[in-house]
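Go by the hints and put chain B onto chain A.
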Amino acid sequence: MNDLLTVSSSPHIRHADSTNGIMFDVIIALLPAAVYGCFLFGLYSAAVICTCVLTALLSEFLWNIILKKPQSVGDLSAIVTGLLLGLNLPPKTPLWVAAIGSFAAIIVIKQMFGGIGYNFVNPAIGARIILLVSFPSFLAGASNFVEPISLDTVTSATPLEVRGIAGAAVPTVKELFFGMNSGCIGETSAFLLLVGGIYLVARRVIKPIIPLSFIGTVAVMSLIFSGSINEMLYQILTGGLMIGAIFMATDYTTSPATKWGKLIFGIGCGLITFVIRKFGNLPEGVSYSIILMNILVPHIDKLTAKKPFGVKEAESNG
Amino acid sequence: MGKNLKYFTNGILEENPTLRLVLGTCPTLAVTTAAKNGIGMGLAATAVLVCSNAAISLLRKVIPDKVRIPAFITIIAGFVSVVQMFVKAFAPSIDKSLGIFLPLIVVNCIILARAEMFASKNSVLPSVLDGLGMGIGFTCTLTLMGMIREFLGNGTVFGLTVTAGHITPMIIFLLPPGGFFVFGILVSLSNALAKKKGKKIVEHIGCENCPSRSFCEKANEGACEEKEAVVNE
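Line by line, the protein sequences are chains A and B. Sequential numbering from 1 applies to the first sequence in the numbering used here. Sequential numbering from 1001 applies to the second sequence in the numbering used here.
So here's chain B without its partners, still in its complex pose:
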């Protein structure tokens, strides 16, 4: 049980997909102009992540290694279509503000990375917990970023007036530069916190977990390990 709990909390704090693994940057920067969009995007991605992790974990022994990426994408695309129709039907305003980024969850690298790195190697329960943890981590980060950007750029949080009308907001926080700025500050804060806790900032991946191992000629020679050893010094 303790190990399962670890799979779950891993994605929320230690390996937070956006802040620590720096995955899914595109939707992170694009949709966080308001806290509501952040939470909507996060929950949609979480739903897809949990379902696709479960399905891929179930099928991990059936999917041939050489065509695993297309197979993963097909599975993910199926769940994204379901989520998209669901959001369109029950939350049309969120569907409108997320726009193209909702269908683009198909190619969201958090989902593909978890399928590749975790679900294709583990049984169903850990995969679901991993998906849930990663999804919640993603949702929390997106919501936090959305709140910061909405507050500074529009004077509201979750659409509720805080300083709007009294202080002129800085519109730049709603624009791409502000997104990069807030993202950079959050990443550096999380790095500082991790450093304080004595965690390594660069995670050791190694050849057995490397996503390109099937194409890499030196996959079993440990060619990258030397490089990493140098970096770690």
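This is chain A alone, in the form it adopts within the complex:
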């Protein structure tokens, strides 16, 4: 039948964007860092990532079956959540811990709050924090991190931790940029994460405001406090800042919809990250900064909502 004759209600012009198309782009953007992480830390880290992805898929599948809901595995968002969680775990995480984290991400943080689009914080970050609080012995501390490219598992502190230990070898800025350092599976190579980020921006999946303002705030703050460019580069390139700013802070559901809102969100994330790193007891603050700002998103959105042209103050309140 001729399409022009179809009678339907508005909207009449649709974009080809779909949830699984966007999620597929995110998976593509994460793959370089994931593959590199497996190469760097050995096959076991690949098993960690696979466990996360498979548990996420299985949890979502079973939840929908048990509660007789429409099957949502096909939108690929569970794969993205599992992949992000896997990339944010230390290379030696026990597989059952990874599975619990993935289960918590999908069931507790996403489905219990209403499924995709209703989660109040980013599922992968929420799960990482649940694991960090539940199993500090597996998630933090030097014994869980591996010296890169060594098949025998030599444990080593992450750069953010190493710098607290006097006399320990600190990787150079170049090593950090290309990811020749220890850390969580997917967070080491700033270069590959940036490549993924640029791909997402080029595909118009994300807008660059949040990553730029997030990383920019951390950079400016560390420059002000230390006065050295080298220190600034270390702050930007170490820890989960790149993966957090590019892939986790930009989650649609848990980031503001408006331009100014995104800017406030990014700056807020950057400030909290810097304050935790500089003054807190924890070696890393990216997860906590994103989760705290996630909770503020509805308020940021409300404060920065655009007023329709010509609407008076009194009317818009009513």
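Everything labelled a hint here was simulated from the structure, so no lab data went into it. Treat the hints with care, as some may be off.
Here are the simulated distance ranges between beta carbons [stated by the list, open to error]:
| # | chain 1 | residue 1 | chain 2 | residue 2 | range |
| --- | --- | --- | --- | --- | --- |
| 1 | A | V311 | B | K1195 | 53 to 59 angstroms |
| 2 | A | D301 | B | V1062 | 32 to 38 angstroms |
| 3 | B | G1165 | A | F225 | 43 to 49 angstroms |
Cross-link-like lysine to any residue pairs, in silico, SDA-like; alpha carbons within 20 angstroms at most [what the hints assert, rightly or not]:
| # | chain 1 | residue 1 | chain 2 | residue 2 |
| --- | --- | --- | --- | --- |
| 4 | A | K92 | B | A1192 |
| 5 | A | K69 | B | A1192 |
| 6 | B | K1196 | A | I66 |
| 7 | B | K1195 | A | L67 |
| 8 | B | K1195 | A | I66 |
| 9 | A | K68 | B | K1195 |
| 10 | A | K278 | A | L233 |
| 11 | B | K1196 | A | L67 |
| 12 | A | K69 | B | I1167 |
Nothing here was measured: the structure is a model prediction, and the numbers come from that model. For every residue, glycine included, the Cβ atom is placed at its ideal position computed from N, Cα and C.
Chain B in isolation, oriented as in the chain A frame:
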């Protein structure tokens, strides 16, 4: 007799203070890190609840309406002091783990709510039975929550080893987020059970039972009834 039994069982199941009326949330979340603390807190609150319900019911015609809340609090505080000294003397370890939450029973909203909603309107026997039922309901919920949280967060139940040493427990269940999580799951389970039995989830309170009726200008106009009617639709 049947009616008296109803007053007693009401607090245990249908109007369980923590799960159905959502009262006393603060001690519920704070002390249930171990089953032993849950049972201790529950029994202490039950003792205070039964005694204060009896005393308030006896004095209900003497207490002037305008100063009833301070009067209730004074009575409750008296019984809490007794219970606190008793626990300090005979169960010092429970006193230590309950800490500030034992004296805080004074402002526990279950006790105040039962004084306000029930004891100040009913004679002594129903008030005592109501207090006992509510107290047992509170104790059961706290013990259950304590058991779940202790098992998942520490691998023990009542201090006895179950999985501790074999499986690393999830410490988060001993921390506030775990408390909220277990509490939320239990409330939703009890709501699901009540729904299955065809019970209304939102209880109709009405103006005559409303705690703020003495301050409310529209107390006898039924201003809230309309709102509730809309909610019930």
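Check your understanding: Does I66(A) lie within 20 angstroms of K1196(B) when you go C-alpha to C-alpha?
Key -> Roughly 17 angstroms separates the two Cα atoms, so the pair holds.
Practice item. Assess, step by step, whether the Cα of K68(A) is no farther than 20 angstroms from the Cα of K1195(B), and give holds or violated. Key: Roughly 18 angstroms separates the two Cα atoms, so the pair holds.
Point to revise | Beta-carbon spacing of D301(A) to V1062(B) - inside the hinted bounds 32 to 38 angstroms or not | key: Violated: the Cβ-Cβ distance is about 56 angstroms, outside 32 to 38 angstroms.
Review point. Within 20 angstroms, alpha carbon to alpha carbon, are K278(A) and L233(A)?
Key: 15 angstroms, holds
Practice item. For the pair supplied as a hint, K92(A) and A1192(B), confirm whether the alpha-carbon distance does not exceed 20 angstroms. Key: 41 angstroms, violated
Check your understanding: So the hint says 53 to 59 angstroms: do the beta-carbon atoms of V311(A) and K1195(B) match that?
Key -> For K1195(B) against V311(A), whose Cβ atoms are near 43 angstroms apart, the range 53 to 59 angstroms is violated.
**Study point:** G1165(B) paired with F225(A), Cβ distance criterion 43 to 49 angstroms
**Key:** Holds, since G1165(B) and F225(A) (Cβ atoms, about 45 angstroms apart) stay within the stated range.
Point to revise | Restraint status (C-alpha distance of K1195(B) to I66(A) at most 20 angstroms) | key: The given pair, whose Cα atoms are some 18 angstroms apart, holds under the 20 angstroms limit.
Check your understanding: K1196(B) and L67(A): Cα distance at most 20 angstroms?
Key -> 16 angstroms, holds
Check your understanding: Within 20 angstroms, alpha carbon to alpha carbon, are K69(A) and A1192(B)?
Key -> 17 angstroms, holds
Check your understanding: Do the alpha carbons of K69(A) and I1167(B) lie within 20 angstroms of each other, as the hint requires?
Key -> 34 angstroms, violated
Point to revise | Restraint check for K1195(B) with L67(A), where alpha carbons must lie at most 20 angstroms apart | key: 16 angstroms, holds
The earlier numbered hints that this structure contradicts are 1, 2, 4 and 12.
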